[in-house]
Amino acid sequence: MTRIQRAVAKVAVFGLLAALVVNGTALAQSTGPSAAASGTSGQVVLNVGVDSDITSLNPYNLCCGPDYEYLRLVYDYGIAYDNSTLGPAPDLLTEWVPNSDSTEWTLTLRSGAKWSDGQPVTAQDVAFSYALVADNAIPFYKDYLPNSPTFSVIDDTHILWTSSKPTFAPIVPPAVPIVPEHVWSQYVTAGDAKATRKAVKGYDNADPIGSGVFKLAEYKQGQYIHLDLNPNSWEGAPTSITDVYFRIYDNPEAMATALESGEIDFAEGLKPELYNVLKGQKDIATQLGDGGCWGNIAWNFGGQDTFDGGPKPGTPTNDPAVQDVAFRQAMATSINRKEIATKVYQDTSTVGYSILMPGTNGSWVTDIPPELRFDYDPTTANDMLDAAGYLDTDNNGVRNEKGGGPDINLELLTITDVAGSVDTGKLIQGYFKAVGIDAFLTTVKTNKAYELWYTGEWDAYVWDWCPDPDPDFMLSVFVTDQCLGWSDGCWTNPEYDALYTRQQGEMDRTQRKATIDQMQLMIAEQLPTMVLNYWGDLQAYRTDRFDPSSWVKSPAVDNGLLLFGWTHDSYMNLRLIGSAAPPKAQGLSPWVWAAAAGAIVLIAVVVMLARRKGPGEEEA
Amino acid sequence: MGSQRYLARKLFHAILTLWFVLTANFFLFRVMPGDPITLLARSERLNRQDQAEQRAALGLDKPLPQQYLFYLKQSVSGKLGVSLRSARPITEEIGARLWPTVLLVGFGTLFATVFGILIGIRGGWKRGSFFDTSTLYGSLVLYSMPEFWLGMLLLLGFSGLLHLFPAGGYQSGNQATGFAHMVDVANHLFLPCLTLTLGYIGEYAIIMRSSLIEAMTDDFVLTARAKGVPDRLIRRRHAVPNAFLPTFTLIFLSFGYVLGGAILVETIFSWPGIGLYTYEAISQLDYQAIQGVFLLSSATVIVFNLIADVTYGYLDPRIREA
Chain W
543 MTRIQRAVAK
553 VAVFGLLAAL
563 VVNGTALAQS
573 TGPSAAASGT
583 SGQVVLNVGV
593 DSDITSLNPY
603 NLCCGPDYEY
613 LRLVYDYGIA
623 YDNSTLGPAP
633 DLLTEWVPNS
643 DSTEWTLTLR
653 SGAKWSDGQP
663 VTAQDVAFSY
673 ALVADNAIPF
683 YKDYLPNSPT
693 FSVIDDTHIL
703 WTSSKPTFAP
713 IVPPAVPIVP
723 EHVWSQYVTA
733 GDAKATRKAV
743 KGYDNADPIG
753 SGVFKLAEYK
763 QGQYIHLDLN
773 PNSWEGAPTS
783 ITDVYFRIYD
793 NPEAMATALE
803 SGEIDFAEGL
813 KPELYNVLKG
823 QKDIATQLGD
833 GGCWGNIAWN
843 FGGQDTFDGG
853 PKPGTPTNDP
863 AVQDVAFRQA
873 MATSINRKEI
883 ATKVYQDTST
893 VGYSILMPGT
903 NGSWVTDIPP
913 ELRFDYDPTT
923 ANDMLDAAGY
933 LDTDNNGVRN
943 EKGGGPDINL
953 ELLTITDVAG
963 SVDTGKLIQG
973 YFKAVGIDAF
983 LTTVKTNKAY
993 ELWYTGEWDA
1003 YVWDWCPDPD
1013 PDFMLSVFVT
1023 DQCLGWSDGC
1033 WTNPEYDALY
1043 TRQQGEMDRT
1053 QRKATIDQMQ
1063 LMIAEQLPTM
1073 VLNYWGDLQA
1083 YRTDRFDPSS
1093 WVKSPAVDNG
1103 LLLFGWTHDS
1113 YMNLRLIGSA
1123 APPKAQGLSP
1133 WVWAAAAGAI
1143 VLIAVVVMLA
1153 RRKGPGEEEA
Chain D
380 MGSQRYLARK
390 LFHAILTLWF
400 VLTANFFLFR
410 VMPGDPITLL
420 ARSERLNRQD
430 QAEQRAALGL
440 DKPLPQQYLF
450 YLKQSVSGKL
460 GVSLRSARPI
470 TEEIGARLWP
480 TVLLVGFGTL
490 FATVFGILIG
500 IRGGWKRGSF
510 FDTSTLYGSL
520 VLYSMPEFWL
530 GMLLLLGFSG
540 LLHLFPAGGY
550 QSGNQATGFA
560 HMVDVANHLF
570 LPCLTLTLGY
580 IGEYAIIMRS
590 SLIEAMTDDF
600 VLTARAKGVP
610 DRLIRRRHAV
620 PNAFLPTFTL
630 IFLSFGYVLG
640 GAILVETIFS
650 WPGIGLYTYE
660 AISQLDYQAI
670 QGVFLLSSAT
680 VIVFNLIADV
690 TYGYLDPRIR
700 EA
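These protein sequence lines are chains W and D, in that order.
Each residue of the first sequence is one higher than the one before, counting from 543 in my numbering.
Each residue of the second sequence is one higher than the one before, counting from 380 in my numbering.
No lab work stands behind these hints, which were simulated from the structure alone.
Owing to the predicted nature of the structure, the values given are computational and were not obtained by experimental measurement.
Think of the CB as a built atom: it goes at the ideal place given N, C-alpha and C, for glycine as much as any other residue.
Certain hints may be false.
Straight-line distance between alpha carbons at most 25 angstroms, and here's what the computed BS3-like set of lysine-lysine pairs gives [stated by the list, open to error]:
no. : chain 1 : residue 1 : chain 2 : residue 2
1   : W       : 824       : W       : 813
2   : W       : 944       : W       : 975
3   : D       : 389       : W       : 743
4   : W       : 885       : W       : 975
5   : D       : 458       : W       : 762
6   : W       : 740       : D       : 389
7   : W       : 743       : D       : 458
8   : W       : 885       : W       : 821
9   : D       : 452       : W       : 990
10  : W       : 854       : D       : 441
11  : W       : 740       : D       : 452
12  : D       : 441       : D       : 389
13  : D       : 458       : W       : 740
14  : D       : 441       : W       : 736
15  : W       : 684       : W       : 707
16  : W       : 736       : W       : 684
Simulated coverage check for chain W against chain D, where a stretch passes if three residues somewhere in it have a Cβ under 8 angstroms from a Cβ of chain D [to be verified]:
no. : segment
17  : 681-695
18  : 758-772
19  : 789-803
20  : 1053-1064
21  : 1130-1143
Here are some chain W residues the structure puts well away from chain D; computed CB gaps all over 10 angstroms [what the hints assert, rightly or not]:
no. : residue
22  : 603
23  : 625
24  : 640
25  : 868
26  : 920
27  : 961
28  : 975
29  : 1014
30  : 1091
31  : 1148
Between the sequences and the hints, there should be enough to build the whole structure, so can you do that?
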């Protein structure tokens, strides 16, 4: 390489470095939110960090994560959730009037509602949407429409919901999306529910037509979902927001970093350690919301072999001690719920007692009295086991089955992809050991856990449940005929079964509440499952872009969720602070990249020239 | 004729390897406990009847040999089916992640290769120098460092502390086009690409260095020196081409792995690549997606291996004649 060529190469390299330093210094000096660019001016973008992609754009093929948030923003329900009570509130339907025995409900359609494609929302659309689910048993949604209902159009603004039995289903309320018949009817095969289910699930719905506040602007798989305003929404435009981005972060630390740097305005589903780090940081506030799920230890009562599809008849499927309520109550008393909440969930969960949750289930929750809470007391637990006849008859430090049987050694399943299950299981193993009960952990993934669930090859497991606002589904889990269905461990109690049937038919809320209270107390006493804690949904948000007081908790309780709750009030209410100008994007400026490209080209040219044979170079 | 027979033999071995890999992939994931439908049971409130129906709709209730034959037919025809989870065509899902994967792993591998080789050449030629010693130890440190740890350090440093680069993703989604879009993607690509480059640069540097040191002791180098050929010409025309052969194979194999993605780096930087997609498909037991991805990555590795085998034979006649 000649001297001139070396000089040119050095200039290229140093010029690039200088551009980098200048650009880097300018960026480092920028303060305030520098979120991912919010597009064109006039837009006010809410950037929300989520930890998983949506399953699909099809409202009949959703699962978890941000799926239902997307659904709720792009589609409406007929009847929505009231933010205070989680009871019924007007959405596309404004009235729902029962007849004298609640076998018929007259639903009134809101006037003037339109789809995002400009077509009017009709009574036929509403009837179609409910019938699509009910007639074809569309999974998940079908549970909201019990007793084989039929739906007919009375006139342009009224629909008749007819049930074979008295029902309160319309005021649950049914979280069934209302979809346009002119889009979805082509996927219905009359009289063939199976074909309809397959066709409906298989439709990609790449251009969703809904009546919600927002519509889909762009969806990039694995990257983000971009929603912008639906100009035809009957609800009108939100106070400030024009666009919402759900940005996918597979790395929780990256999501927390993005919130700190202002790339996003809201972070959903944080891990406890990151949540605790973000608490108290400048321009960031946190919300410990109701996670909508409770962790539990459930017992296996055996008997799976007596049900169709279960293991071979006669297969032993559980430890006999588990059948004894005195044993279960003693074991419950040995478990330190508070320590689990602290050590496993870092104080982001709260100790729980009832299978219904204060946030999600609101006024349905009954207060479990102290004598049914079985709070941690290992001394009392030991006494209870002694009194129940579980003694260490062979003096090896481990209690024996009643009547001097073998050592009690319970198989405790923990599940790796259920938050906190494994760590909770380890603590519980220690608690059991402290009262003379051996337990060994079997740690599996969810798919293996399901396999074992159905065969009954376990004594207890640490899992979770996520109830709906209406308690019916959660209560149904403990019914006898849910063995090999939703039942944890095939607990069977005819009195409980009768109470469940009674509350299903009670139209009077006060009476229904009284029955449900009894059921909660029965579960707390009999302990087919022991509620350990109510999980928190850990959220954090920036306070310098949107007025912190304009976030709306859902439900409207202290631990309500700011987003991903039961309503979309926050999106409607958020108020921008200051300028709506697009914030600066992170990264090097185009000039630096252009300089880098130029430098690379220049160096390559110099090297190529240097490799040319000079005069007198010998062929070796 | 000898070359044609060589080529034909290599092609046959490649097809046989692909068939073996496809078969192993099919059975490997089906011996895992559980099935994809039961995973959805709680979240989608699927009772046992619903589960049985969904299993039947996806052909999962058919005998295993029948499923296998259908899978082979799909693989050969390029119809990879639909995702058991999202119901989207697998080709569409893989397609959406293909370019980000090529960008990340392609550029990462390219930079690691180019800079690694240059460092290895200079280090090997100036053996014992400060440059050689420092780059050798640096290469060892980088190569032994876990990728995810390196990635986290870069993320927390450049994004968290200095706010120089985005914390994740492929693009901002600001409807930018043309050069503005390229810049946006480049800003998102910088940190993950740097992680991959630093993670693999050591491998190329060390191998190139070792090969060159060995080549420098060969007789033809001594002869060239004796003839008075300048050092830079000996290096460029004799030592490096001969030393390059082992590195050449490594380069082709590395590029063959490009379409397999880089799951750890993709996860840390939320880069929507095939590596992360593969992990999610395995977690969800999405057989169709797993099969599609494995077909793609296996075929790519086998094709690049075949190219390397054939090209190696032309580069080094001793191999062809053997």
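Evaluated hints:
1. For the given pair, residue 824 of chain W sits about 19 angstroms from residue 813 of chain W by alpha-carbon distance, which is consistent with the 25 angstroms threshold.
2. With a C-alpha separation of about 18 angstroms, the suggested pair residue 944 of chain W and residue 975 of chain W falls inside the 25 angstroms cut-off, and the hint holds.
3. A threshold of 25 angstroms between alpha carbons decides the hint, and for residue 389 of chain D with residue 743 of chain W the separation of about 45 angstroms lies outside it, so the pair is violated.
4. Note on residue 885 of chain W and residue 975 of chain W: the hinted pairing holds, with a Cα-Cα distance of about 18 angstroms set against a maximum of 25 angstroms.
5. With a CA separation close to 22 angstroms, the supplied pair residue 458 of chain D and residue 762 of chain W stays within the 25 angstroms bound.
6. Annotation: proposed proximity of residue 740 of chain W to residue 389 of chain D is violated, straight-line Cα distance about 45 angstroms (limit 25 angstroms).
7. Using a Cα cut-off of 25 angstroms, the hinted pair residue 743 of chain W and residue 458 of chain D holds, with the two alpha carbons roughly 20 angstroms apart.
8. Between the alpha carbons of residue 885 of chain W and residue 821 of chain W the distance comes to roughly 18 angstroms, so the proposed pair stays at or under 25 angstroms and holds.
9. Between residue 452 of chain D and residue 990 of chain W, the direct Cα distance comes to roughly 30 angstroms. Violation of the 25 angstroms bound is thereby established for this hinted pair.
10. Taking the CA atoms of residue 854 of chain W and residue 441 of chain D, the gap is near 22 angstroms; set against the 25 angstroms cutoff, the hint holds.
11. With a C-alpha separation of about 23 angstroms, the suggested pairing of residue 740 of chain W with residue 452 of chain D holds against the 25 angstroms cut-off.
12. A distance of roughly 36 angstroms separates the Cα atoms of residue 441 of chain D and residue 389 of chain D; the hinted pair therefore is violated under the 25 angstroms criterion.
13. Simply put, residue 458 of chain D and residue 740 of chain W have alpha-carbon atoms about 19 angstroms apart, close enough for the 25 angstroms limit, and the pair holds.
14. With a C-alpha separation of about 18 angstroms, the suggested pair residue 441 of chain D and residue 736 of chain W falls inside the 25 angstroms cut-off, and the hint holds.
15. With a C-alpha separation of about 16 angstroms, the suggested pair residue 684 of chain W and residue 707 of chain W falls inside the 25 angstroms cut-off, and the hint holds.
16. Of the supplied pair hints, the one linking residue 736 of chain W and residue 684 of chain W holds, its CA atoms being roughly 14 angstroms apart against a limit of 25 angstroms.
17. With 3 residues having a Cβ less than 8 angstroms from any Cβ of chain D, the segment 681-695 of chain W passes the three-residue criterion, so the hint holds.
18. A stretch counts as covered by a chain when three or more of its residues have a beta carbon under 8 angstroms from one of that chain; for the segment 758-772 of chain W and chain D the count is 7, and the coverage holds.
19. Beta-carbon proximity to chain D at under 8 angstroms applies to 12 residues in the segment 789-803 of chain W; the threshold of 3 is reached and the given coverage holds.
20. With a threshold of 8 angstroms between beta carbons, the proposed coverage of the segment 1053-1064 of chain W by chain D is violated, since 0 of its residues qualify and at least three are required.
21. Counting residues of the segment 1130-1143 of chain W whose C-beta lies closer than 8 angstroms to any C-beta of chain D gives 4; at least three are required, and the coverage claim holds.
22. With a minimum CB-CB distance of about 6 angstroms to chain D, residue 603 of chain W fails to clear the 10 angstroms threshold, and the non-interface call is violated.
23. In this structure residue 625 of chain W is separated from chain D by more than 10 angstroms, as the shortest Cβ-Cβ distance comes to about 24 angstroms.
24. The Cβ of residue 640 of chain W sits about 26 angstroms from the closest Cβ of chain D, beyond the 10 angstroms cut-off, so the non-interface label holds.
25. Every CB of chain D lies more than 10 angstroms from the CB of residue 868 of chain W, the least distance being 31 angstroms, so the non-interface label holds.
26. Listed as a non-interface residue, residue 920 of chain W keeps its Cβ farther than 10 angstroms from every Cβ of chain D; the least gap is roughly 33 angstroms.
27. Every C-beta of chain D lies more than 10 angstroms from that of residue 961 of chain W, the closest at about 14 angstroms, which supports listing it as non-interface.
28. Against the 10 angstroms criterion, residue 975 of chain W stays outside the reach of chain D, whose nearest CB is about 28 angstroms from its own CB.
29. Every beta carbon of chain D lies more than 10 angstroms from that of residue 1014 of chain W, the smallest distance being close to 12 angstroms; the non-interface claim holds.
30. For residue 1091 of chain W, the shortest C-beta to C-beta distance to chain D comes to about 28 angstroms, beyond the 10 angstroms cut-off, and the non-interface label holds.
31. For residue 1148 of chain W, the requirement that its beta carbon stay farther than 10 angstroms from each beta carbon of chain D is met, with the minimum near 14 angstroms.
Hint check: violations occur at hints 3, 6, 9, 12, 20, 22; the rest are consistent with the structure.
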